[in-house]
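Novice: Read off the chains here:
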Amino acid sequence: LCVGVSSCHRHRHRHIHHNFLRVSKKPQHKGNYHSTLLLPTAPLSPHNSPPTQTHRKQYYHNRKMSILEYNGAAVIAMAGKDCVGIASDNRLGIQYQTVAMDFKKVFKMNDTLFVGLAGLATDVQTLDQLLRFRMNLYELREERTMTPQVFTNLLSNILYEKRFGPYFAEPVVAGLDEKGSPYLATMDLIGAIETTKDFVVSGTCDGNLYGMCETLYKPDLGKEELFETLAQALLASVDRDALSGWGGVVHIITKEGVMSRELKGRQD
Amino acid sequence: MGDSAYSFSLTTFSRTGKLLQIEYALNAVANGRTALGIAAVDGVVIATDKKFASALVEGEDVSKVEAITDSSGFVYAGVGPDYRVLVRKARKSAQAYFREYRETKPVGQLVKSTASVMQEYTQSGGVRPFGVSLLVAGIDGDGVPRLFQVDPSGAYFGWKATAIGKNYVNAKNFLEKRFQDDMELEDAIHTALLTLREGFEGEMNGHNIEVGVVSKSDGKFRLLTPEQIQDYLDEAN
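In order, the protein sequences belong to chains A and B.
Per the numbering used here, the first sequence runs over residues 1 to 268.
Per the numbering used here, the second sequence runs over residues 1001 to 1237.
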C-alpha cells in the first residue's frame, strides 16, 4: 500500500494531493513502497508499523499523534464563591475510534477534594489508584484529612518520581481548604505545579477550554451559576475537538456537600 | 547493618519473657544526666543539665537540646553518640516529609518514625538498641503543645510532664506536686528549673544547663541563650 506516491508503478491509484512535508530527496529504496519521503502519520512512535487495512482511514492527516492525545480528554475546574466546580467529558477513544461514552476522569478523594486527570487512560486510572492508596495511608497515620495543598504536592512528587519515564497524565486538583476557601491547581505530566484563583484546564482541547474560560468566567459565582458556566465552557470546547466529548459530568463542591450532574451533549 | 554473616538479632528473649538488651539499655539511660520536660497550655519546655568532667572542657558549642524541625526539638538521657544518630535520622526524615507534602512533619509523626527506628534496632541483625531515652517537644499546625518520651525499646508515651535519667524518680515526684493543667509557659520554665536544681550538685547557672522552648505564639522551637536562662534563675531566687 502506497499512500500518496504518484511514482508507484505497482498499483494504479488516484494521485492524492497533500502538503506532505518533504523530509529529503532520497530516492526510494528498492522494493520498498513505503515512502521515506512522505510521512503518513506514524501511529505512536517508536512503533512505525506500516499502514494496515484497518488503520488506513486515519492516515490522511499531517500531525504525529502524541501519547497524551491517544485517548482524548477534556477536564476543567473553576472557583466560585466558597465553592469549586470540576468537570470532564465522557469519551474514551483509541485514536479516532470511540470505545466508551462513560469514562470517568474526575475522581473524588474526599468530600472536599476532587482530582481530574487528562491523558493516557491507563495512567489516569493508575494515578487514581495510587492517589487513593497514598491518601488512605496518610489519613490512617496522621488521623486527619489531607488538605488540597498537601495533596497537590504529593501528586507532584509522585509524578516527578517518574521523571524519565513519566505517567502520561496532566492533572487538575479542585477542592476547599480547611477554611472553606476554593483551591485550584494543575500540573504538567512531570509535576510542575501551577495554582490559580480562577480556573484550570487540561486535555486535548485545552486551547479551546482556555478560550471559553477566559470569556465566560466571572469571579464569585454561586453554585448554580458556576455549574452553568462550567457546563457551557466544557460543551463548547469539546465540540470543536474530535477526541473529546460524548457528554460530560460536572461536580460542584461546597461545604454542605457535592452536587454532581451529567451533561447531555453532542454524541459525536 | 544486619547483612552478611550477622543477619540474626542480638536482642533475644529470656525465659521470663524479658528482652535483656533493652533492660540494659534502660539502665544506661538511668545512669545518664537528668532531662525533663513540661507541657503547658501555651507551649512546651525541655531542659537538661550540661555538667562536664572538668573545668577545662569548652562546652559552648556542644548541645544536648536539638531542634529537629522549626517547631519541634529533642533532648535525651543516656549515651550521647547514640542520640546524635537519632537526631540526624529524625532531621532527615522531617525534611523528606516536607519534600513530599510541603508541610512541617507533625510531632506525633516524628515520634512514631523515630520510635520505629529505635524498635528496628531491637530486632535487626548485628545491632544493639540505642542507649537513650528521648524527650520530644513540639507544636503542630493545630496549636496543641505536645511532649513525648521515646524509650530504647521503641515504646513512646505522651506526657504532661516527665523526667528521665539519673534521679528521675525524685524529679517526677517533684513535678507531680507542682504541675497544674492550666500552667502557662513562663511558670513551666520556672518549674523546670526548680526541678533541675533539686538534683543538681553545685551552682546552677546559664552555662551549665540547657533549655529548649516552643511557644504557641510563634510555633518555633528555640534554645534559650545562657543570658536568658540566667534571667530565669535570678527570678527564681
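It should be emphasised that the hints constitute simulated quantities derived from the structure, not laboratory data.
Even glycine gets a Cβ: it sits at the ideal position worked out from N, Cα and C.
Any given hint could be a false lead.
Stated by the list, open to error - Chain A side only, calculated, beta carbon under 10 Å to chain B, not exhaustive:
{"hint": "1", "residue": "68"}
{"hint": "2", "residue": "70"}
{"hint": "3", "residue": "146"}
{"hint": "4", "residue": "147"}
{"hint": "5", "residue": "152"}
{"hint": "6", "residue": "154"}
{"hint": "7", "residue": "197"}
Claimed, not checked - With a Cα cut of at most 30 Å, we get these calculated DSSO-like pairs of lysine-lysine:
{"hint": "8", "chain 1": "B", "residue 1": "1112", "chain 2": "A", "residue 2": "162"}
{"hint": "9", "chain 1": "A", "residue 1": "255", "chain 2": "A", "residue 2": "162"}
{"hint": "10", "chain 1": "A", "residue 1": "162", "chain 2": "B", "residue 2": "1089"}
{"hint": "11", "chain 1": "A", "residue 1": "179", "chain 2": "B", "residue 2": "1112"}
{"hint": "12", "chain 1": "A", "residue 1": "179", "chain 2": "B", "residue 2": "1216"}
{"hint": "13", "chain 1": "A", "residue 1": "218", "chain 2": "A", "residue 2": "162"}
Said to hold, decoys possible - Computed spacing ranges between beta-carbons, pair by pair:
{"hint": "14", "chain 1": "A", "residue 1": "144", "chain 2": "B", "residue 2": "1059", "range": "49 to 55 Å"}
{"hint": "15", "chain 1": "A", "residue 1": "141", "chain 2": "B", "residue 2": "1053", "range": "49 to 55 Å"}
{"hint": "16", "chain 1": "A", "residue 1": "255", "chain 2": "B", "residue 2": "1173", "range": "37 to 43 Å"}
{"hint": "17", "chain 1": "A", "residue 1": "144", "chain 2": "B", "residue 2": "1051", "range": "37 to 43 Å"}
{"hint": "18", "chain 1": "B", "residue 1": "1096", "chain 2": "A", "residue 2": "104", "range": "31 to 37 Å"}
{"hint": "19", "chain 1": "B", "residue 1": "1177", "chain 2": "A", "residue 2": "255", "range": "44 to 50 Å"}
{"hint": "20", "chain 1": "B", "residue 1": "1237", "chain 2": "A", "residue 2": "255", "range": "53 to 59 Å"}
Novice: Close enough to count: is the Cβ of residue 152 of chain A nearer than 10 Å to one in chain B?
Specialist: 8 Å, holds
Novice: Take a look at whether the Cβ-Cβ distance between residue 1177 of chain B and residue 255 of chain A falls inside 44 to 50 Å.
Specialist: 47 Å, holds
Novice: If you draw a straight line from the CA of residue 1112 of chain B to the CA of residue 162 of chain A, is it 30 Å or shorter?
Specialist: 28 Å, holds
Novice: Taking 30 Å as the top limit, are the C-alpha atoms of residue 179 of chain A and residue 1112 of chain B close enough?
Specialist: Judged against 30 Å, a Cα distance of about 28 Å means the pair holds.
Novice: Regarding the pair residue 255 of chain A and residue 162 of chain A, is the alpha-carbon distance no greater than 30 Å?
Specialist: Violated, at about 35 Å.
Novice: Take a look at whether the Cβ-Cβ distance between residue 1237 of chain B and residue 255 of chain A falls inside 53 to 59 Å.
Specialist: At 55 Å between Cβs, range holds.
Novice: For the range 37 to 43 Å, tell me whether the beta carbons of residue 255 of chain A and residue 1173 of chain B fit it or not.
Specialist: 50 Å, violated
Novice: Taking 49 to 55 Å as the stated bounds, is the beta-carbon spacing between residue 144 of chain A and residue 1059 of chain B within them?
Specialist: For residue 1059 of chain B against residue 144 of chain A, whose Cβ atoms are near 41 Å apart, the range 49 to 55 Å is violated.
Novice: Compare the distance between the alpha carbons of residue 162 of chain A and residue 1089 of chain B with 30 Å, and conclude whether the hinted pair is satisfied.
Specialist: 26 Å, holds
Novice: Take a quick look at whether residue 179 of chain A and residue 1216 of chain B sit within 30 Å of each other, Cα to Cα.
Specialist: Since the Cα atoms of residue 179 of chain A and residue 1216 of chain B sit roughly 20 Å apart, the hinted pair holds (cutoff 30 Å).
Novice: Given the hinted pair residue 218 of chain A and residue 162 of chain A, is their Cα-Cα distance within 30 Å?
Specialist: 37 Å, violated
Novice: Is the shortest C-beta separation between residue 70 of chain A and chain B less than 10 Å?
Specialist: 30 Å, violated
In the structure shown, a violation is registered for the earlier hints numbered 1, 2, 7, 9, 13, 14, 15, 16, in ascending order.
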